[in-house]
Amino acid sequence: EGAGRGRVSGPLYQADSRWSTITLGAGPSTIGRAGCLLVCLVMAARRLQTRPALIPPHANKAFQDAAVYDGDRLRVHDAAPVLGLVAPLSERVTGNSGSAQIKDTIRDAFGADGLAILHVDYDGDKPGGDIDGDHFILAVEMTPSSVVCLDPAVGRVVLSWPMLEGLAVWGKTDRRLYCVVGARPIRRVPQ
Numbered sequence: 006e007g008a009g010r011g012r013v014s015g016p017l018y019q020a021d022s023r024w025s026t027i028t029l030g031a032g033p034s035t036i037g038r039a040g041c042l043l044v045c046l047v048m049a050a051r052r053l054q055t056r057p058a059l060i061p062p063h064a065n066k067a068f069q070d071a072a073v074y075d076g077d078r079l080r081v082h083d084a085a086p087v088l089g090l091v092a093p094l095s096e097r098v099t100g101n102s103g104s105a106q107i108k109d110t111i112r113d114a115f116g117a118d119g120l121a122i123l124h125v126d127y128d129g130d131k132p133g134g135d136i137d138g139d140h141f142i143l144a145v146e147m148t149p150s151s152v153v154c155l156d157p158a159v160g161r162v163v164l165s166w167p168m169l170e171g172l173a174v175w176g177k178t179d180r181r182l183y184c185v186v187g188a189r190p191i192r193r194v195p196q
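Those letters in the sequence shown? Residues 6 to 196, by the numbering used here.
Derived by calculation from the structure, the hints in this document are not laboratory data.
Among these hints, one or two may not hold up.
Stated by the list, open to error - Computed cross-link-like contacts, SDA-like style, restricted to lysine to any residue with a CA-CA straight-line distance of at most 20 Å:
id, residue 1, residue 2
1, K108, P167
2, K66, I27
3, K108, Y127
4, K66, G37
5, K177, V159
6, K108, R97
7, K66, T35
8, K66, T26
9, K108, L172
10, K108, S95
11, K108, L182
12, K66, R23
13, K108, E170
14, K66, G76
15, K108, D118
16, K66, D77
17, K66, G32
18, K108, V98
19, K108, S151
20, K66, R56
21, K108, W166
22, K66, H82
23, K108, T148
24, K66, R80
25, K177, V163
26, K177, Y127
27, K108, S150
28, K66, S22
29, K66, P86
30, K108, L94
Only a predicted model underlies this, so the values are computations on that prediction, with no experimental measurement involved.
Could you build the full structure based on these sequences and the hints that come with them?
Listed below in structure tokens is the structure:
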């Protein structure tokens, strides 16, 4: 783990009973059903120490007050500064899992003492537009052979490097192959 990340903060879960039924943004969905991106931002703020005690319902309210939702869809580049973070839209990249652009974005995020929000597809159908097969996780550590992530649905997930794929266990019989199809660096707002 890079310098300056402070105290390590573990995963938070979008299905946590304390907030899973709260309406996400202006709705219609809930944090439990579609709050993975919200929870990734909260975990980033905790790990990067800009808001170390933040929990999803408080971030949801702050984002509602800042008008950074379109219905229940969160505009990350507008939401990040609310938490003392920066996630520029211009630094977001998409492509096939293991593409050079995605790998470079992840490497650069860690090199800049940041983290990366990863867009994963787990059903191989319509990445970026398939609500049932798209998900967001937070990359928190990089090793020579893997990227360690915090997943708001299942906890800790390890993706292989350089293919950027990995198996996530969603239930006793539900295994999903995550393929990274997008990445966005996230870091503290420069002082």
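Going through the hints against the structure:
1. Between K108 and P167, the direct Cα distance comes to roughly 7 Å. Compliance with the 20 Å bound is thereby established for this hinted pair.
2. Between K66 and I27, the direct Cα distance comes to roughly 10 Å. Compliance with the 20 Å bound is thereby established for this hinted pair.
3. Among the hinted pairs, K108 with Y127 is consistent with the structure: their alpha-carbon atoms are about 18 Å apart, no more than 20 Å.
4. Annotation: proposed proximity of K66 to G37 holds, straight-line Cα distance about 15 Å (limit 20 Å).
5. For the given pair, K177 sits about 12 Å from V159 by alpha-carbon distance, which is consistent with the 20 Å threshold.
6. Proposed proximity of K108 and R97 is supported: the alpha carbons are some 12 Å apart, at most 20 Å.
7. Simply put, K66 and T35 have alpha-carbon atoms about 13 Å apart, close enough for the 20 Å limit, and the pair holds.
8. Annotation: proposed proximity of K66 to T26 holds, straight-line Cα distance about 14 Å (limit 20 Å).
9. Distance check on the hinted pair: K108 and L172 sit about 18 Å apart at the alpha-carbon level, within 20 Å; holds.
10. Of the supplied pair hints, the one linking K108 and S95 holds, its CA atoms being roughly 16 Å apart against a limit of 20 Å.
11. At most 20 Å may separate the alpha-carbon atoms for a hinted pair to count; K108 and L182 meet this at roughly 18 Å.
12. With a CA separation close to 15 Å, the supplied pair K66 and R23 stays within the 20 Å bound.
13. Proximity of K108 to E170 is assessed by CA-CA distance (about 12 Å); at most 20 Å being required, the pair is judged to hold.
14. Proximity of K66 to G76 is assessed by CA-CA distance (about 13 Å); at most 20 Å being required, the pair is judged to hold.
15. Restraint check: the Cα-Cα separation between K108 and D118 comes to about 16 Å, which is no more than 20 Å; the hinted pair holds.
16. As the CA atoms of K66 and D77 are separated by approximately 12 Å, the hinted pair is consistent with the 20 Å bound.
17. Restraint check: the Cα-Cα separation between K66 and G32 comes to about 12 Å, which is no more than 20 Å; the hinted pair holds.
18. Annotation: proposed proximity of K108 to V98 holds, straight-line Cα distance about 10 Å (limit 20 Å).
19. For the hint pairing K108 with S151, the CA-to-CA distance comes to about 11 Å; that is within 20 Å, so the pair holds.
20. For a cut-off of 20 Å, the pair hint linking K66 to R56 stands: about 14 Å separates their Cα positions.
21. Between K108 and W166, the direct Cα distance comes to roughly 9 Å. Compliance with the 20 Å bound is thereby established for this hinted pair.
22. With a CA separation close to 17 Å, the supplied pair K66 and H82 stays within the 20 Å bound.
23. The suggested pairing of K108 with T148 holds, with an alpha-carbon distance near 13 Å, which does not exceed 20 Å.
24. A threshold of 20 Å between alpha carbons decides the hint, and for K66 with R80 the separation of about 14 Å falls inside it, so the pair holds.
25. At roughly 18 Å between alpha-carbon atoms, K177 and V163 fall within 20 Å of each other, so this suggested pair holds.
26. Among the hinted pairs, K177 with Y127 is consistent with the structure: their alpha-carbon atoms are about 17 Å apart, no more than 20 Å.
27. Taking the CA atoms of K108 and S150, the gap is near 12 Å; set against the 20 Å cutoff, the hint holds.
28. In summary, the hint linking K66 to S22 is supported, as the alpha carbons are separated by about 17 Å, within the 20 Å threshold.
29. Restraint check for K66 and P86: the C-alpha separation of about 14 Å stays at or below 20 Å, so the hint holds.
30. This hinted pair checks out: K108 and L94 have alpha carbons roughly 17 Å apart, not beyond 20 Å.
Consistency note: the structure conflicts with none of the earlier hints.
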